[in-house]
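Protein chains: 2
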Amino acid sequence: MPEHVVVIGAVALGPKAACRFKRLKQDAKVTLIDKDDIFSYGGCGIPYYVSGDVSEANQLRTTAFHMVRDEPFFHDIKGVDVLSLTEATKIDRANKKVYIKDLRTGKEDVLDYDQLVIGTGATPRKLSLPGEDLPGVYYVGNMHDAEKIKASITKGEIGKAVVVGAGFIGLEMAEAFADMWGIDTTVVEIAPQILPRMVSPVLARIAQNHMEEQGVTFHLGQTVTKIEGEGKVQKVVTPEQTIEADIVIISAGVIPNDKLARDCGLDCSERGGILVDESMRTSDPLIFSGGDCAIIKNLVDDSPFFLPMGSMANRQGRVIGSNLAGASETFPGAAGSFCVKLFEKAAAGVGMSLAGAKQAGFDAISVMLIMADRAHFYPTKDMMTLEMVVDRKTRRVLGMQGVSANGDALVGRVDSVAAIMKYKPTVADVSNLEVAYSPPYAAAMDVLNAMANMADNALNGLNHGHGPDTFEEYWKERESGKYYFLDVREHADAEPFLNKYPEYWHNIPQGEIPKRFKELPTDKPLVLICNTGGRSFEAQIMLDGLGFKDVRNTQGGMAVLKAYGCDI
Amino acid sequence: MPEHVVVIGAVALGPKAACRFKRLKQDAKVTLIDKDDIFSYGGCGIPYYVSGDVSEANQLRTTAFHMVRDEPFFHDIKGVDVLSLTEATKIDRANKKVYIKDLRTGKEDVLDYDQLVIGTGATPRKLSLPGEDLPGVYYVGNMHDAEKIKASITKGEIGKAVVVGAGFIGLEMAEAFADMWGIDTTVVEIAPQILPRMVSPVLARIAQNHMEEQGVTFHLGQTVTKIEGEGKVQKVVTPEQTIEADIVIISAGVIPNDKLARDCGLDCSERGGILVDESMRTSDPLIFSGGDCAIIKNLVDDSPFFLPMGSMANRQGRVIGSNLAGASETFPGAAGSFCVKLFEKAAAGVGMSLAGAKQAGFDAISVMLIMADRAHFYPTKDMMTLEMVVDRKTRRVLGMQGVSANGDALVGRVDSVAAIMKYKPTVADVSNLEVAYSPPYAAAMDVLNAMANMADNALNGLNHGHGPDTFEEYWKERESGKYYFLDVREHADAEPFLNKYPEYWHNIPQGEIPKRFKELPTDKPLVLICNTGGRSFEAQIMLDGLGFKDVRNTQGGMAVLKAYGCDI
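As they're listed, the protein sequences go chains A and B. Here the first sequence is numbered in this note's numbering, starting from 3 and rising by one per residue. Here the second sequence is numbered in this note's numbering, starting from 3 and rising by one per residue.
Everything labelled a hint here was simulated from the structure, so no lab data went into it. No experiment lies behind these values; they were computed from the predicted model shown. Treat the hints loosely; a few may be bogus.
A pair counts as met if it fits within one copy or between any two copies, since identical chains are not told apart.
No more than 27 Å apart at the CA atoms, straight line, and that leaves these computed lysine-lysine pairs for DSS-like [what the hints assert, rightly or not]:
id, residue 1, residue 2
1, K31, K551
2, K520, K31
3, K37, K128
4, K395, K360
5, K162, K109
6, K152, K383
7, K526, K27
8, K478, K92
9, K37, K99
10, K426, K299
11, K27, K551
12, K31, K150
13, K162, K128
14, K228, K150
15, K426, K502
Let the hints inform the model, and build the full structure from the sequences given.
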């Protein structure tokens, strides 16, 4: 009898593990089981199928060379047998058996295994709301949902859409509705910001402003209490309002499918998810797991990490496939990098946001920088906004997030930092990180190096300032006279603001400070501002040196204030 | 007396070190010396000024906020005194003095220093050719050259240009001439490929083909023996031909300006360049150096490294500035990452090419991959060609190079690998490198991970094949019958080739191999081919498993063969 490997779950991790193993052990038998009849698809592509960027649903389950990854494909091309519409109902570890049920016929059966892979993925979280089961409420959890959503749109049934949850998938779906189909789209989020836990409130608001400019409506800090409709969804209700909806997408996170593992006694996390070691083995050495149903290691603080992403599943699947064949490969964990396209901008990041770092117990600060993403004289440059989160005591880089119009350029910087996260980098490591240089692609002192330099200056107390949120607070209090707002740009730049706010706006160009500093008050904080924060930093140092006790520069300057939407 | 820091050389490293130090020690005096009257400019931007992408020469020496970095700028904004058109002629280390000469008046003077920085840069290599001093022969070494070149072009004096040297600057200049001005442009290179030492001959030919499509002519493996002209340049002569030229750009590398350091007894490399430690100190602890005149560490093999790039100079300059002020910062070295825009494609890389690795004593192999740079179903995808160089014994990644239409995406992958080079990564580290995933920006199994997986398979003997150069050799011998060419794509893809080469081209779709393998000869090598190398790899494994002894898959498949220009 050839060795038999059974793989439960045929999306991302399962197929990768099965095919990798089969390539290494051609004489083994591999059985891949899935509850669905559509499997081995790129679920992350669903928003782009809904938007129409991807025209056919099948494109999400074809190879790069246009073959559909269906049962015959796996059999003929990969040598892997697929049992679709088949549920694994129980694992008997002592006897190395998997109990299965054919969902078409109800027929039950038992498979003997030598080694087993659990790649059961995750299930979208339901909110247990009244009306949540109405037709027209979707979770974007599988291709069937995707096809129904697309069909509704193309039939012209959708005029208004409500997305519940402003995480990646929620925002991607909002873009799909609003951008390509002109659907009146509203996002409702329980947290007070979009992309909660992923980016700071400031970056979130910058991204949100951009999406609002593109026509998406947001209701943040609101809890959906019920969904209403006669025969189909019609309204989404929060304590604050009732929103009309022809379709509702609930995108409130996912829950790892660990029941099968839990029931057979494998170690699982109390908070859900199958525990695995670096070789992706569960507490049973004959059983591997990974992907959306497993818990890996967070490389930032070595804590348990639930990171349900197709990229994780694919890479882990290969490690499992190799180890099934006797290799000793490891998957070290992840730093949680992400990227998301939001109309004409991208948001991306890695590691912890400031709030996340503080919650994890770090004495963290963050700094914000806006700078050209290549030589500032090169015509195709875009301005990139980055925020870096660092630990005060160890100077470790805990995370970095950003927003930019050039997604590839932003993702490139994020990936560079992600690459070194497992080495626990300090700010100095990123100051000297090697970014390949040529004016069309990077700056000589690249935005990434400059970001770390700024964090270094902040940690050393050389750069002391605030972001646009704090500036906005100061500015709202301008009539109190508590702050002295000093624009350190050249007069021509400052002039419109001097004219608009003659009582509150002041101007001394940075180069004139040494001879004009006596014009400045010494009894109140000086709030410095320039275009992007560079000159206000230098002015702050000058004024510090001249004996001023409370000088605060506005990180990101007018550029970030504008993106943040500060009313100035 | 305040502390006095003297900085010799005011391009890139010098100004950065001077200004950083001055920010940290505002009460110190800083003097910045330069031989030229135009300084603190971005020399790497010269090709883009010549092309017209950058319209004014001054843009290369302005800050991001449009202030020209001239003497008053450094004085007023940075607190740094500049002595331009001033040459440092001698360093007296015992007495801490720098002898200088005003190049306008010839007047000599002496500066006392407490600490000194040597940032004298490098000088373009001259070729000592007859006629090299004719008007119209340039080295792109400074802004004066750049302005003269641009003036000649805009006056319509340039119909034909010859570039000697196919390194970065040479190719960038060739693009500037040909792309924006429609100048008949020829590149002459002594090596048999463009970008010698930087990329493999295969990647070089792919890039060259693209440039040829854009109208640039190449003469490779040719040595210029003389330059001819009456009163101005008219011809460039090689043993093979005489090329007409209204302008000649010599771009044959640069030589570090280490004479000042050498003359005062500082340790220098035998091959040129000032030796520094990780703190960027020379053998005299009061004297720092960096940038194009210094030798740093190659992070791939810890060997001495001459890497004259503006990005190096800027980052090292900051380290020097901090250390002048008493910090203990380090610059660990570099892995030699690079990128260059070549019309509509980019070439980029890091670490060693295969030839370089072998020359450095590694038992190295390389593998080549072509794959979409994001989800293959996402409409804006481009095909990225990558080559990874790995050490057979240690499985270390020694380098990676690539060519792609999306420069930002390519540079992002290169930067990720560059980021981990100092940690001496193995193939497994890159297999699991965390690339932020979302279909618009990356693939779930990203091209970077797939590249490392392929290297892993090659090292394990699982993937055995060849690149387009070897395929071309086999194909040229097709009439000998020594090789059996097997297309493993579906019949429709193979059909045009079956019709064109009925005697030599054979087709069994990969999925049909298990039932049709008996059609194949067992007495000669099977040369497999598909679209991009993925299916031919799987077919190769199948055939290996079926007992075939010599199966060779064509890495990169038809896609790379086409880019390589194979006549098929």
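Tested hints:
no., hint, result
1, K31 x K551, "between (74 Å within a copy, 24 Å between copies)"
2, K520 x K31, "between (84 Å within a copy, 23 Å between copies)"
3, K37 x K128, "within (19 Å within a copy, 71 Å between copies)"
4, K395 x K360, "within (13 Å within a copy, 44 Å between copies)"
5, K162 x K109, "neither (43 Å within a copy, 79 Å between copies)"
6, K152 x K383, "between (36 Å within a copy, 23 Å between copies)"
7, K526 x K27, "between (74 Å within a copy, 25 Å between copies)"
8, K478 x K92, "neither (62 Å within a copy, 59 Å between copies)"
9, K37 x K99, "within (18 Å within a copy, 81 Å between copies)"
10, K426 x K299, "both (14 Å within a copy, 22 Å between copies)"
11, K27 x K551, "between (71 Å within a copy, 18 Å between copies)"
12, K31 x K150, "neither (36 Å within a copy, 72 Å between copies)"
13, K162 x K128, "within (21 Å within a copy, 69 Å between copies)"
14, K228 x K150, "within (22 Å within a copy, 73 Å between copies)"
15, K426 x K502, "neither (48 Å within a copy, 57 Å between copies)"
Checked against the numbered hints above, the structure violates hints 5, 8, 12, 15; every other hint is satisfied.
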